[in-house]
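2 protein chains.
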Amino acid sequence: MARSTSLSGFTEWLPAERLVELHVLDTLCEVFERHGFSSLESRAVETLSTLLQKGEVDKEIYAVSRLQDELSDDAAPKKDGQLALRFDNTVPFARYVVENAGHLNFPFRRYQIQKVWRGERPQEGRYREFTQADIDVIGEGTLPFRSDVEIAVVIAQALDTLPIGEFRLRINNRKLAQGFYTALGLEDTVAVLRSIDKLEKIGPEQVAAELQETAGATPEQAQKALSLAQIRTEDTSFVAQVRQLAEGLGGDTSLLEEGLAELEELIGEVGKRVPGRAVADLSIARGLDYYTGTVYETVLVGHESLGSICSGGRYESLASKGKRTFPGVGISIGVTRLVARMLSAGMATPTRSVPTAVYVALRTEEDWGAAQDVADQLRSRGINVEVALKAEKFGKQIRHADRRGIPFVWFTDENGNHEVKDIRSGDQITADPTTWSPGAEDLLPRIVESV
Amino acid sequence: MARSTSLSGFTEWLPAERLVELHVLDTLCEVFERHGFSSLESRAVETLSTLLQKGEVDKEIYAVSRLQDELSDDAAPKKDGQLALRFDNTVPFARYVVENAGHLNFPFRRYQIQKVWRGERPQEGRYREFTQADIDVIGEGTLPFRSDVEIAVVIAQALDTLPIGEFRLRINNRKLAQGFYTALGLEDTVAVLRSIDKLEKIGPEQVAAELQETAGATPEQAQKALSLAQIRTEDTSFVAQVRQLAEGLGGDTSLLEEGLAELEELIGEVGKRVPGRAVADLSIARGLDYYTGTVYETVLVGHESLGSICSGGRYESLASKGKRTFPGVGISIGVTRLVARMLSAGMATPTRSVPTAVYVALRTEEDWGAAQDVADQLRSRGINVEVALKAEKFGKQIRHADRRGIPFVWFTDENGNHEVKDIRSGDQITADPTTWSPGAEDLLPRIVESV
Chain A
1 MARSTSLSGF
11 TEWLPAERLV
21 ELHVLDTLCE
31 VFERHGFSSL
41 ESRAVETLST
51 LLQKGEVDKE
61 IYAVSRLQDE
71 LSDDAAPKKD
81 GQLALRFDNT
91 VPFARYVVEN
101 AGHLNFPFRR
111 YQIQKVWRGE
121 RPQEGRYREF
131 TQADIDVIGE
141 GTLPFRSDVE
151 IAVVIAQALD
161 TLPIGEFRLR
171 INNRKLAQGF
181 YTALGLEDTV
191 AVLRSIDKLE
201 KIGPEQVAAE
211 LQETAGATPE
221 QAQKALSLAQ
231 IRTEDTSFVA
241 QVRQLAEGLG
251 GDTSLLEEGL
261 AELEELIGEV
271 GKRVPGRAVA
281 DLSIARGLDY
291 YTGTVYETVL
301 VGHESLGSIC
311 SGGRYESLAS
321 KGKRTFPGVG
331 ISIGVTRLVA
341 RMLSAGMATP
351 TRSVPTAVYV
361 ALRTEEDWGA
371 AQDVADQLRS
381 RGINVEVALK
391 AEKFGKQIRH
401 ADRRGIPFVW
411 FTDENGNHEV
421 KDIRSGDQIT
431 ADPTTWSPGA
441 EDLLPRIVES
451 V
Chain Y
1 MARSTSLSGF
11 TEWLPAERLV
21 ELHVLDTLCE
31 VFERHGFSSL
41 ESRAVETLST
51 LLQKGEVDKE
61 IYAVSRLQDE
71 LSDDAAPKKD
81 GQLALRFDNT
91 VPFARYVVEN
101 AGHLNFPFRR
111 YQIQKVWRGE
121 RPQEGRYREF
131 TQADIDVIGE
141 GTLPFRSDVE
151 IAVVIAQALD
161 TLPIGEFRLR
171 INNRKLAQGF
181 YTALGLEDTV
191 AVLRSIDKLE
201 KIGPEQVAAE
211 LQETAGATPE
221 QAQKALSLAQ
231 IRTEDTSFVA
241 QVRQLAEGLG
251 GDTSLLEEGL
261 AELEELIGEV
271 GKRVPGRAVA
281 DLSIARGLDY
291 YTGTVYETVL
301 VGHESLGSIC
311 SGGRYESLAS
321 KGKRTFPGVG
331 ISIGVTRLVA
341 RMLSAGMATP
351 TRSVPTAVYV
361 ALRTEEDWGA
371 AQDVADQLRS
381 RGINVEVALK
391 AEKFGKQIRH
401 ADRRGIPFVW
411 FTDENGNHEV
421 KDIRSGDQIT
431 ADPTTWSPGA
441 EDLLPRIVES
451 V
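The listed protein sequences correspond, in order, to chains A and Y.
Taken in order, the first sequence gives residues 1 to 451; the numbers are from this note's numbering.
Taken in order, the second sequence gives residues 1 to 451; the numbers are from this note's numbering.
No lab work stands behind these hints: they were computed from the structure.
Be careful, since some hints might not be right.
Stated by the list, open to error - Only pairs whose alpha carbons sit at most 25 Å apart, straight line, appear in this in silico DMTMM-like list of lysine to aspartate or glutamate: (1) A:LYS272 - Y:ASP373; (2) Y:LYS390 - A:GLU262; (3) Y:LYS396 - A:GLU257; (4) A:LYS115 - Y:ASP373; (5) Y:LYS393 - A:GLU265; (6) Y:LYS115 - Y:ASP188; (7) A:LYS115 - A:GLU60; (8) Y:LYS272 - A:ASP432; (9) Y:LYS396 - Y:ASP376; (10) A:LYS321 - A:GLU304; (11) Y:LYS390 - A:GLU60.
Generate the whole structure from the sequences, applying the supplied hints.
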């Protein structure tokens with residue numbers, strides 16, 4: 001991690017680091033499939049009009065054009081047909097669902113693990129290219145609220161299987177927040193959400209000032225909005241706190257009640273199925289996104305400054321085709337941000353840096369074919385093997401295997417007798433290529449949790 | 001495959017199609033790791049100067065720029081720092097090796113499976129975005145020729161494990177070809193290679209004419225060059241044929257002999273280790289690439305019009321850092337092209353279109369938690385399970401599972417008795433969630449070869 005990258009904001013792993021990332025990805029795929037999510041990928045490019053349809057101007061979009069066209073005269077940006085790189089996996093998925101609706105069965109569940117690109121100012125925890133791992137459930141016409149519960153449960157179970165220590169899903173509901181603001185008499189709920197979203201960054205006093213400036217709040221209204229945002233409970237006791245706060249508000253509280261009921265069900269069910277992982281946190285706003293109900297963020301305990309490692313929510317109207325609508329709910333793990341922290345904080349280490357378990361040494365140049373025969377015998381039993389490329393002195397071949405992190409070196413003498421050496425212990429034993437195996441611990445590189 | 005795509009040249013699979021692609025990718029990863037190749041990924045963007053360093057102007061490059069910059073005034077293309085999408089995995093890997101040389105041990109072996117982009121005119125078998133699966137071995141200073149043999153063996157073994165029928169690796173050696181042309185008195189060997197590369201497309205007569213026009217060949221020289229290109233043998237008998245053809249050529253034949261010796265070793269060894277998969281084909285040129293010795297192409301027998309599904313070669317000087325050079329050899333499978341043909345020709349079919357094996361039906365809305373408990377018991381034993389989102393009539397729930405392609409539906413009655421129904425046969429049996437399993441055939445979707 002001390003390496004500098006040649007393009008800032010673009011991370012490339014070394015082989016051992018990539019093994020940690022692969023472990024994370026493999027684990028996620030397995031948990032997602034265990035819950036019936038299908039793997040999908042979307043193309044890297046979207047039309048600019050698709051990307052901008054929800055007014056996502058805060059994402060720094062990368063435009064894409066054929067170099068040939070750019071060097072020619074008609075290089076004028078053609079806004080609608082202009083291609084650009086996706087900045088998340090949700091907007092492309094919504095477009096995919098609309099295009100392929102006739103070939104899918106709803107409710108449809110998919111996972112999607114792909115790179116996304118944002119032309120942001122690079123800083124710690126921010127990347128210009130990074131991998132996101134998304135799960136979404138999307139319905140046709142309606143999608144039961146139960147899916148919001150399920151998404152939280154699946155992602156908590158997935159994160160639980162990773163060597164990342166404690167984490168907390170912080171969950172809120174936009175209906176609750178917006179219903180409260182409306183009942184409070186604040187009409188511009190988007191402006192309120194935007195200010196509340198800055199609570200952790202700028203603190204309550206500045207948020208109160210901003211609410212009065214940009215959302216037209218009185219000092220009392222600002223205070224009430226702030227009080228709501230400061231509610232945080234690990235169980236459903238937030239419901240009573242909100243009701244108390246909302247007492248005597250004159251306006252229509254039906255949206256507030258709807259949001260309260262949803263969040264109560266979610267926190268209750270998730271608390272039962274994955275205890276201690278979720279918290280109702282009424283400060284979560286996700287200001288500028290396309291969410292309409294539940295919103296999720298996730299912090300790594302002890303690494304709160306990293307920001308959310310996993311975010312998402314319910315979107316009622318991202319995808320539609322004529323009169324057909326496809327409401328969905330989903331969440332996305334910021335894999336690159338998470339893996340970078342796992343590496344820099346030393347949370348997980350691979351037992352070796354290469355897939356290879358056995359390095360077959362060469363006695364003479366003529367032995368390469370026989371050495372490959374030995375290697376193939378081992379490979380046929382699931383052992384990863386490479387053969388030396390040159391018949392250098394054994395000491396040199398052993399040093400090369402050692403530097404590459406390969407645990408075993410295989411020798412065959414002129415009479416066809418085989419021996420295998422564990423270069424860590426120095427132990428060397430006679431061995432039969434049709435039966436010998438490294439122990440289960442050494443068969444594949446494993447990722448071990450560091451404490 | 002009958003679907004039209006909304007952006008031509010950009011393919012997106014449906015869930016069942018993606019399962020076929022995943023099977024191909026998983027199989028390739030396994031074979032590559034079995035031979036000690038490490039997984040790596042590079043960033044999607046390179047500087048234009050990196051991409052153009054080998055004069056690869058025939059690749060239609062996609063330029064990338066921040067939309068914000070493009071909409072501002074200083075949108076003038078800054079050629080050197082200009083970012084662009086990679087068009088293959090080899091050039092980025094060479095750049096990666098140079099940047100990270102201090103962290104790698106040579107000879108270094110890696111596989112890399114990623115999307116690449118080319119702004120080509122879309123046509124059958126050509127894509128603007130497609131997945132390539134590359135393996136390369138890269139040395140420092142020198143890399144034994146043996147690696148060229150190994151690459152051919154590994155890729156032949158990898159393709160052998162895929163449900164794609166017969167294929168042929170067509171292998172040539174640039175030293176052989178260039179040595180022959182030079183001995184023949186043709187100085188502009190690049191122009192000759194470029195013409196020979198068109199042999200299959202435009203036929204021998206037109207190639208002969210072009211050789212005289214662009215490479216300054218006499219009719220006799222053109223004929224000799226064509227005769228060389230028409231040599232094709234499954235064993236090493238090409239050596240005698242080339243020697244006969246080269247008899248009496250006045251020039252220096254040392255490069256020719258070097259190429260002959262290399263190709264003879266390669267065809268001999270590959271013929272021994274994976275019989276019937278490789279052929280010496282002296283028409284293979286790969287005209288405009290960075291290859292300096294061995295060149296590989298691969299055709300699917302019966303699908304020759306598809307073009308090469310797997311190509312590569314030896315590159316002596318793609319990567320260097322001061323006085324250090326990193327010669328390499330590698331090959332790349334065109335995964336998208338291959339999978340598209342597997343699907344359109346019906347070579348492989350998934351046994352079902354979703355990962356889910358069991359659909360747990362809901363008797364009442366209140367049963368969702370209990371149904372998830374049953375699902376978790378099954379999941380803990382490696383079974384992929386989803387739970388119904390609504391307590392609709394059982395018939396409707398069964399139809400939904402059936403449409404999604406899920407083989408089993410699970411029912412729990414009001415007394416907690418469990419039954420599981422195979423919806424294909426209609427058989428329904430009592431079952432215990434802590435012990436019941438689908439058969440091995442139904443545990444996961446499998447890809448079956450269609451004959």
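Notebook entry, point to check: Taking 25 Å as the top limit, are the C-alpha atoms of A:LYS115 and A:GLU60 close enough?
Noted result: holds (15 Å)
Check: Under the criterion that the straight-line Cα-Cα distance not exceed 25 Å, is the pair Y:LYS390, A:GLU262 satisfied?
Finding: Roughly 16 Å between the alpha carbons, so the hint for Y:LYS390 and A:GLU262 holds.
Notebook entry, point to check: Given the proposed pairing of Y:LYS396 with A:GLU257, does the C-alpha separation stay at or below 25 Å?
Noted result: Distance of about 32 Å is beyond 25 Å: violated.
Check: Is A:LYS321 close enough to A:GLU304, meaning Cα to Cα at most 25 Å?
Finding: Violated. A:LYS321 to A:GLU304 sits at ~40 Å, over the 25 Å cutoff.
Next item on the list: For the pair we were handed, A:LYS115 and Y:ASP373, check the Cα-Cα distance against 25 Å.
Entry: violated (34 Å)
Note to self: So if I understand the rule, the pair passes when the alpha-carbon distance is 25 Å or less; does Y:LYS396 with Y:ASP376 pass?
What the structure shows: Answer holds: Y:LYS396 to Y:ASP376 is near 23 Å, not above 25 Å.
Margin query: Y:LYS115 and Y:ASP188 were given as a pair; does the straight-line alpha-carbon distance stay at or below 25 Å?
Written below: Not satisfied, since the Cα-Cα distance of roughly 35 Å exceeds 25 Å.
Check: Does the structure keep A:LYS272 and Y:ASP373 at a Cα separation of 25 Å or less?
Finding: holds (11 Å)
Notebook entry, point to check: Hey, Y:LYS390 versus A:GLU60, does the alpha-carbon distance stay inside 25 Å?
Noted result: violated (40 Å)
Next item on the list: With a cut-off of 25 Å on the C-alpha distance, tell me whether Y:LYS272 and A:ASP432 pass.
Entry: Distance of about 23 Å is within 25 Å: holds.
Next item on the list: Would you mind confirming whether the straight-line C-alpha gap from Y:LYS393 to A:GLU265 stays at or under 25 Å?
Entry: holds (24 Å)
Checked against the numbered hints given earlier, this structure breaks hints 3, 4, 6, 10, 11; the rest are met.
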